[in-house]
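Colleague: The chain contents come next:
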Amino acid sequence: MTVHLDSKVPEGPISDKWENHKFSIRLVNPNNKRQFKVIVVGTGLAGASAAATLGELGYDVEVFTFHDSPRRAHSIAAQGGINAAKNYRNDGDSVYRLFYDTVKGGDYRSREANVHRLAEVSLNIIDQATAQGVPFAREYGGLLDNRSFGGAQVSRTFYARGATGQQLLLGAYSALLRQMEAGTVRLHTRSEMLDLVVKEGRAVGIVVRDLVTGEVASHSGHAVVLATGGYANVFYLSTNAMASNATAIWRAHRRGAAFANPCFTQIHPTCIPASDEFQSKLTLMSESLRNDGRIWVPKNADEARAPDQIPEADRDYFLERIYPAFGNLVPRDVASRAAMRMVDSGKGVGPLKNGVYLDFGVAIEREGRDAIADRYSNLFDMYDRITDEDPYRVPMRIYPAPHYTMGGLWVDYNLMTTVPGLYSIGEANFSDHGANRLGASALMQGLADGYFVLPYTIGDYLADQLGQDVVPTDDPAFTEVEAEVSGRVDGYLSANGSRSVDWFHKELGKIMIEHCGMARNQSGLSKALSDIPALHEEYKTDMRVLGSNETLNQGLERAGRVDDFFELAQVMCLDALEREESCGGHFREEHQTEDGEALRDDENYAHVAAWLWSRDPDKPELVKEPLEFDNVALTARSYK
Amino acid sequence: MNITLQVWRQAGPDVPGGFRTYQVDGISPEMSFLEMLDVLNERLGGQGEEPVAFDHDCREGICGSCGVMINGRAHGPQLGTATCQLHMRKFENGATIVVEPWRASGFPLIRDLVVDRSAFDRIVEAGGYISVDTGSAPDANLIPIPKVVADTAFDAAACIGCGACVAACPNGAANLFTAAKISHLNLLPQGQAERWTRTENMVEVMEEYFGSCTNHGECEAACPKLISIDFIAMMNADYIKAKFNNRRLVSQN
Numbered sequence: 001m002t003v004h005l006d007s008k009v010p011e012g013p014i015s016d017k018w019e020n021h022k023f024s025i026r027l028v029n030p031n032n033k034r035q036f037k038v039i040v041v042g043t044g045l046a047g048a049s050a051a052a053t054l055g056e057l058g059y060d061v062e063v064f065t066f067h068d069s070p071r072r073a074h075s076i077a078a079q080g081g082i083n084a085a086k087n088y089r090n091d092g093d094s095v096y097r098l099f100y101d102t103v104k105g106g107d108y109r110s111r112e113a114n115v116h117r118l119a120e121v122s123l124n125i126i127d128q129a130t131a132q133g134v135p136f137a138r139e140y141g142g143l144l145d146n147r148s149f150g151g152a153q154v155s156r157t158f159y160a161r162g163a164t165g166q167q168l169l170l171g172a173y174s175a176l177l178r179q180m181e182a183g184t185v186r187l188h189t190r191s192e193m194l195d196l197v198v199k200e201g202r203a204v205g206i207v208v209r210d211l212v213t214g215e216v217a218s219h220s221g222h223a224v225v226l227a228t229g230g231y232a233n234v235f236y237l238s239t240n241a242m243a244s245n246a247t248a249i250w251r252a253h254r255r256g257a258a259f260a261n262p263c264f265t266q267i268h269p270t271c272i273p274a275s276d277e278f279q280s281k282l283t284l285m286s287e288s289l290r291n292d293g294r295i296w297v298p299k300n301a302d303e304a305r306a307p308d309q310i311p312e313a314d315r316d317y318f319l320e321r322i323y324p325a326f327g328n329l330v331p332r333d334v335a336s337r338a339a340m341r342m343v344d345s346g347k348g349v350g351p352l353k354n355g356v357y358l359d360f361g362v363a364i365e366r367e368g369r370d371a372i373a374d375r376y377s378n379l380f381d382m383y384d385r386i387t388d389e390d391p392y393r394v395p396m397r398i399y400p401a402p403h404y405t406m407g408g409l410w411v412d413y414n415l416m417t418t419v420p421g422l423y424s425i426g427e428a429n430f431s432d433h434g435a436n437r438l439g440a441s442a443l444m445q446g447l448a449d450g451y452f453v454l455p456y457t458i459g460d461y462l463a464d465q466l467g468q469d470v471v472p473t474d475d476p477a478f479t480e481v482e483a484e485v486s487g488r489v490d491g492y493l494s495a496n497g498s499r500s501v502d503w504f505h506k507e508l509g510k511i512m513i514e515h516c517g518m519a520r521n522q523s524g525l526s527k528a529l530s531d532i533p534a535l536h537e538e539y540k541t542d543m544r545v546l547g548s549n550e551t552l553n554q555g556l557e558r559a560g561r562v563d564d565f566f567e568l569a570q571v572m573c574l575d576a577l578e579r580e581e582s583c584g585g586h587f588r589e590e591h592q593t594e595d596g597e598a599l600r601d602d603e604n605y606a607h608v609a610a611w612l613w614s615r616d617p618d619k620p621e622l623v624k625e626p627l628e629f630d631n632v633a634l635t636a637r638s639y640k
Numbered sequence: 641m642n643i644t645l646q647v648w649r650q651a652g653p654d655v656p657g658g659f660r661t662y663q664v665d666g667i668s669p670e671m672s673f674l675e676m677l678d679v680l681n682e683r684l685g686g687q688g689e690e691p692v693a694f695d696h697d698c699r700e701g702i703c704g705s706c707g708v709m710i711n712g713r714a715h716g717p718q719l720g721t722a723t724c725q726l727h728m729r730k731f732e733n734g735a736t737i738v739v740e741p742w743r744a745s746g747f748p749l750i751r752d753l754v755v756d757r758s759a760f761d762r763i764v765e766a767g768g769y770i771s772v773d774t775g776s777a778p779d780a781n782l783i784p785i786p787k788v789v790a791d792t793a794f795d796a797a798a799c800i801g802c803g804a805c806v807a808a809c810p811n812g813a814a815n816l817f818t819a820a821k822i823s824h825l826n827l828l829p830q831g832q833a834e835r836w837t838r839t840e841n842m843v844e845v846m847e848e849y850f851g852s853c854t855n856h857g858e859c860e861a862a863c864p865k866l867i868s869i870d871f872i873a874m875m876n877a878d879y880i881k882a883k884f885n886n887r888r889l890v891s892q893n
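These protein sequence lines are chains A and B, in that order. At position 62 of the first sequence the residue is numbered 62 (the numbering used here), and the sequence of numbers has no breaks. At position 189 of the second sequence the residue is numbered 829 (the numbering used here), and the sequence of numbers has no breaks.
Just chain B, same shape as in the assembly (with noise of 0.2 angstroms):
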């Protein structure tokens, strides 16, 4: 396969970036998309020139390191696939595709397709978590949790923390990460000692650092493990109710 590449390059935060165009020959149809820009990287040393900055790890579609907007889509053309599990039999023969960083205010850009996306550790540090101190778990069939609810906390613990929700949003919202996380924990019974506070802070924090949810829905056709938007609105109800409960806890101090 022969492809165009029109790759987004910015050496850093603080110097303009713009489009480069590279023509990339003899790519196999077997290949991932990230071993495609492993080629056009090893040729580029190979002419002197830096190569194209990508973040990227364990390529199974499970770290949530790698993303990048292809022809505009995150993650490019696939549903439910990370950009490291999509292959080139995806694309045409002679196909043109550009490749852009994920764009989002609340994702500040390091280097060509790399962004900072340390706000999603500071929306789990508000209250991502149950407090259980290492040695203090009582015996794990002590609760029983009924299938259902097991499988629904594990459709919303199944997110990676990539951020295409975030890109793929015209708001840049982080509703559908926040909701995940959110929901996972708060739909099981160990979750419910903290469940309002929990809701409180993670969307609080969520709000300094992204935009707003107008229910656009492209999240979810973004979503490499296609978490449902329905968490979203859990996630408002929650919120809505944590307003209550919380301000009747202070009330009782």
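Pulled out of the complex, with its shape left as it was, chain A reads as follows (with noise of 0.2 angstroms):
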């Protein structure tokens, strides 16, 4: 089966597509809107806008969560902040610059007409947030404060102290409940998707089991929504929640739907390294600090001295000196491998010489510790509980680890995937930030598909099944993948193997930090590609899941995960091997130049890569669309 990928990107000037688009469109009438049942899964900054956008618009409303509740969603953690382009600073900020920012950014990967989109609505996210009561940073004159972020020479960025993603979300989640309390929206707690359900080519509804009863169930709808997120703990250790998994859209690509762009995956350039083999993840600190931190490692690899002891003369402000325009604040990416590099040649700091250092001592002497803390204060908190070091008077070390993942399923301007009704919102999809996305796009991504994209344009899809019912849920298409979820979950529970799931998927991790992490090689891939799927039949008869289906059993819910994970794994490292270039996040190190830096190749990879399901692990359709790029001149991108 061959698919034709149609983007669906409307005609017109860059400017005018998503308002042509909007009216083009089809809309259903008030009245209707409560005929259609919508499934929203997944209840962090997309899902819950979305869910709660739906309700108010009058939409029938069910969403899951696996979850306790859905203000745990890991958009939560999410520290520094939220751009949009509203000028408020006077510094030279506009749509079109947050649009350009954004595809240069993303080194020349990602849709113009969607990102243009982003740029437009973030000015409405940061209303509709202050509306909501979210309390961002306030100045003395009571008008918003902003920050400088990465790729930027503008500050766009706003925030809430550190935790502006759980201020967000639980706008979200307010707006959330509220449809609650209005009767539009139902929520089901601690529920996992498990499958997607498929009829006559349309998206029919889910398969989810209650974690803490066992019962596998059925629910229909007009249209299905995954808001899932990311995949990044696919390397085992990462910024990820221990629970964020890619079950959902795993199992979505399995039942038709293309994943788009696997291999591009963003490592973090500024978390807290390692500190032994028992750790469970890794803890960022956020990109905002390097508004006021220098990164710095000793010039002598066999520097001995306490940082303090150093004077200026043997250190080396490496981002300063490579990079002069944007110095700390280039990119993920390129301050990611150029800390890689730094500890790669030995000049790493800390007992396991695995970080380089992020330094406040000039931005303390400068503003004084009170302005310091008033900015990062939790930040600094939080890595003094888990170091037992204070960062006012000791750099703090730092290391990258993997964070987010672009890659996602394939959504076309719409944000439908490849099979009709279903839908991919937030980090799940794959659509905004090509082959990086920069520091505080994120949730500005989630909440412009949650509150002011989807809602809109779920409608055209909706508008010609009016008049139709939901597939009732004791029909053969729910029943069929019912018996196949309870048959996996048994299956799970039998193999009585001697390991435990968390073993193989450190395994796991360890091949695709390796192979497929920071740097990629063609060989490696190759190896990667051959230990993935021997581990994955070693997993399977070998894995050791104890307990029983019927009671909360977390061992179990992992289990499935891990098992998702390793057929992801693989089409990750084809999509690394197949795309022979270096663009944001994905460093082939046969594609450098001279000097180290990412080199592009436009004429033969200016494309988005969608694979799709074969039934072989092995071997993924690959299906191309190709990128155009009609505003943005495609250049290397230099931030020296």
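It is worth saying that the hints were derived from the structure and are not from the lab. Please note that the accuracy of each hint is not assured.
Using C-beta positions, here's what the derived DEER-type ranges look like [said to hold, decoys possible]:
(1) A/30 x B/748: 36 to 42 angstroms
(2) A/630 x B/778: 32 to 38 angstroms
(3) B/661 x A/362: 29 to 35 angstroms
(4) B/688 x A/527: 34 to 40 angstroms
(5) A/490 x B/880: 53 to 59 angstroms
(6) A/541 x B/748: 21 to 27 angstroms
(7) B/788 x A/210: 45 to 51 angstroms
(8) A/469 x B/791: 48 to 54 angstroms
(9) A/362 x B/787: 24 to 30 angstroms
(10) A/217 x B/773: 29 to 35 angstroms
(11) B/717 x A/393: 40 to 46 angstroms
(12) B/688 x A/463: 55 to 61 angstroms
C-beta atoms are modelled at their ideal positions from N, C-alpha and C, and glycine is treated no differently.
Fit chain to chain and form the complex, with the hints in mind.
Modeller: Below, the structure is given as structure tokens:
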């Protein structure tokens, strides 16, 4: 089956596309909206904002989360901020500049029209969140404050201390609960989507497992929206929450949804380095710290002195040296690779020599401890709790860690996947960040999709289903998938092997970070592609899950998630192997400039690589969507 | 480090539970408390014993999923620190550590250390929002908010909904949680239109599930975000005013 990828990008000048599109797509009459049932999976920024807005519009919404409350979704952990082209600083920002910066920051591998729309609605997001009571940081005059973020030369990032994601999510969560009170939204907590149901080529519902009772049940709807986040936990150690997983999007992929650019993963430069082999996750220190912190390593690889004893002359502020124009605020991929090169050359700091310094000494001297505490106190406190070191006195130690995945389900301009009726929003789709996401753009995209894009575009699909009932859940389309899901669950419980699910997950993570992490090459990827299926086979026969299906069983939950990570890992490596260029977070060692910068190949790779499931994880089918750049000139990305 | 754990094990809400004692040797002081529980679970699995169930997710102290009683204190001995951010260096080598779930009638037990905190969502549903449909918001800078007001609202909004305040309270009261939610919105100009109905409705749903506050202050001491009980005073003041204001509104209708 060959799928033609129709991006459905509207005609017209870039700044008119979204306006024209909103006028040309079909609408659903307000009185008819309640006849349509929409299923939303996930309650992070994208899912909660979409479910709340669809409920406000009058749709009948059912929303699912595997957490005990919608407020737990991992969006809550985003620290630094959210971008918007408000130009409140009067520093030359505009919708066009945010659009331009995002396309450039993504290393010219995103769709221009989607990014421009994102920049347009960024203005509305700040207004909406403020009206909901999100306590953004303010200046003494009472107006909103901004800070700078990587990859931009203007201050356009709105923030709420170091907990912007939390505050924005609580805003979306409050809007969601308001709709529950109003009766337009029904919420299912501790319910995990384990499969998608497709009938006659359309998405008609989902199969979920109740994590407390083990019951496997079906839910049908006129459309299904996946807002289930990214897949960085394929690396085992990442900044994602422990339960973040790819099962919902991977199962949708196996039911026909194309998976786009799986190899585009982001390694975040400022995380606390691992301390020992028991490390269960890595903790991010917000990129906003790079506003005031200076990154350096000792010039001498044998340096043994404490950081405060090392004089200026013996320090290498390598980002300021190599990239004088952007300095410590270069984009994440550039900063991460520079830090990796320093550590690889033996100049790493800390007991395991696995970090670089992020030093606030100058900023504290210039502005005083209180000013710095006002901006970052919660981050400094968190660092202190984890490392037992006081960053007001001793420079932080940081190192890159897997953080965000730009790849995801392929979607058209309407955010619909290649399965009609199945939508994907937020980090779960691939749409706006190209090969590298700029800081403070994830919150922007999740909320743009959920509040301002999907609620309009979904009407275009629903309009022609007026008068049609949802497929009943006793239809064979549902019962067959339910039986498959129950079979999978029973299979995990009866494997009776000798090794824990976590052990296999760690092993998979080691393969992925070594061969498909910050730097990739042909031989490493080929090795990964033979090691991963072998480990997966071993997993199926030698895994150990104790307990039963009928009670809360966290080991069983993890077994299914790790199972799906194996197949996803394979297509990530295939995609990385296929893409013979370096761009953004995807760095192929064979393709670099003389001074080690990424070397793109616009002639052959200015496209979206979308993979289709073929029942054989070794041989998915590749379909390409060519990317056209009518507004932004493709140049070598330079931050020097 | 070597430690002895006494952990509450209970297979489900309807079966009796009890403490089990586990010896956990070879712990690194750099581990977090939850990583120590991971090690315990890995070893239990190897011996064919079901792992200890506990809620956790972000492990950065912000999602509010985790939380257990550690030696009788919610989230353990370190001030302003959620269980996931507590590290083993805070314990002595050879220590015995007692680990229990949150114990409050408002939080029924699900399994082992996992409890059901959905009553918190019911409180928020009753009014913990500002009614603004998507798209109807004016420009964000139209209403200046003094920095000190925004900062105080943030202090209240920092609540992570973990439930430690309820677990620490001798009465199992949820006043600190509810007060934080109410104060965040009642302090802001955007929250004024619904201030009195919000306060009355949320307090009354709170009282359906949780005990009454008698000003012990244990909640503030246990809160991983150090939210002040001053907010409870603000909530109480607003609740009394709400009773008058709401009645006046009714008489006007």
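Colleague: Hints first: check each against the structure and report whether it holds.
Modeller: Hints, verified against the model:
| no. | hint | verdict |
| --- | --- | --- |
| 1 | A/30 x B/748: 36 to 42 angstroms | 40 angstroms, holds |
| 2 | A/630 x B/778: 32 to 38 angstroms | 34 angstroms, holds |
| 3 | B/661 x A/362: 29 to 35 angstroms | 52 angstroms, violated |
| 4 | B/688 x A/527: 34 to 40 angstroms | 35 angstroms, holds |
| 5 | A/490 x B/880: 53 to 59 angstroms | 58 angstroms, holds |
| 6 | A/541 x B/748: 21 to 27 angstroms | 39 angstroms, violated |
| 7 | B/788 x A/210: 45 to 51 angstroms | 46 angstroms, holds |
| 8 | A/469 x B/791: 48 to 54 angstroms | 52 angstroms, holds |
| 9 | A/362 x B/787: 24 to 30 angstroms | 25 angstroms, holds |
| 10 | A/217 x B/773: 29 to 35 angstroms | 32 angstroms, holds |
| 11 | B/717 x A/393: 40 to 46 angstroms | 24 angstroms, violated |
| 12 | B/688 x A/463: 55 to 61 angstroms | 57 angstroms, holds |
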